[in-house]
Amino acid sequence: MTLLLRARDLIGRPVVTLDTAEDVAEVKDVVFLHTEAKVVGFTLNKRGRFAGPLKAVLPWSRVAALGRDAVMITGREALGAPDEGMRDVAGDADVVGTTVMTEGGRALGTVRDLVLEVNEDADVVGFEIDGGQGPRLLPVGDTFSVSGEALMVPAATEEFLHDDLAGFGSAVEAFRDRLHRPREET
Amino acid sequence: MRFSDAHGTPVMSRNDAEQLGKVRRLLVDVGHRRVTAVHIDGRRKRALLVEWRALSGFGPDAVVVGDGGALRGPADERELAMVAGDLDWLGRRVLTDRGESAGAVDDVEFDEDSGALTSIVTTRATYGADRLVALGPYCVIVRG
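Note that the protein sequences, when read in sequence, are chains A and B. One gets my numbering by counting positions in the first sequence from 1 and adding 58 to each. One gets my numbering by counting positions in the second sequence from 1 and adding 221 to each.
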């Protein structure tokens with residue numbers, strides 16, 4: 059089953075053990091690797107309104123399932139040190155607020171949120187951006203470049219801006235097809 | 222029979238026909254998906270339980286404890302949590318193993334002859350007991 063969701067919706071979601079049905083932590087931040095456009099793990103908070111951050115993290119490789127309502131792990135031992143894939147990568151907080159710039163040099167807006175497609179992996183398939191006319195969804199390819207200043211996207215991205223999550227999955231597919239298709243001769 | 226029907230049923234001793242108390246809750250072994258004991262009375266460490274296998278019958282009007290069926294206290298941390306009400310079924314949040322909400326537990330059905338759980342009825346759907354994964358302080362988990 060494929061599930062599209064916004065990264066920000068995951069913040070505060072409980073991390074629940076399948077063996078003891080306990081909420082052992084909650085998601086603090088979604089950590090992703092932009093060179094592969096995928097989620098590599100989560101940083102964590104303790105549960106409860108006034109609880110602070112946990113030192114332990116949850117690498118994606120140790121997630122049993124990610125649903126709309128909880129992150130499932132087999133047991134408490136899934137929490138721990140970052141794995142290789144989780145080191146030296148960005149959290150989604152670092153990309154929120156960044157300007158989205160096309161390769162043609164047009165600023166499309168600023169990033170408000172990441173759109174994730176969850177199946178076996180959790181891929182970053184788009185961004186929610188604010189370009190002045192309310193939030194819009196923008197698909198990304200299977201890799202993207204981002205710095206503290208800007209997120210660069212192909213010029214064609216503009217044609218694939220979308221208003222809501224419904225149907226966004228096929229917009230992403232169409233967009234990626236277009237990216238991978240050889241440039242048409244003119 | 223449903224847990225909600227079982228709750229409050231008088232518990233009688235077959236030996237002397239006296240009432241020992243009423244069913245406060247049923248204790249379940251999730252791994253074996255069966256009722257293991259009946260909580261009759263008392264709180265926390267002073268809770269009184271009777272083993273399922275010590276019952277001579279679990280009927281609509283009474284639960285009858287067979288000869289020599291001794292009352293006992295909670296045997297471990299898990300049973301202590303259960304008799305404290307920390308792992309009660311009814312009203313508890315239900316999640317699937319895929320991390321999706323499945324409502325709350327409306328009731329649990331069990332076979333009154335064997336004590337085997339048969340289904341978990343939630344506010345959204347009914348799950349066969351074979352789909353039960355875990356019961357914990359946060360939720361009940363079912364295979365989605």
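Keep in mind that the hints were calculated from the coordinates and are not lab data. Treat the numbers as computed from the prediction; the structure is a model and nothing was measured. Don't take every hint at face value.
A partial selection of chain B residues facing chain A, derived with a Cβ cut-off under 10 Å [claimed, not checked]:
1) W273
2) L316
3) D318
4) R352
5) A355
6) L356
7) I362
Every residue gets a Cβ at the ideal spot worked out from N, C-alpha and C, and that includes glycine.
Next item on the list: Starting from the hint list further up, note which numbers the structure goes against and sort them upward.
Entry: 1, 4
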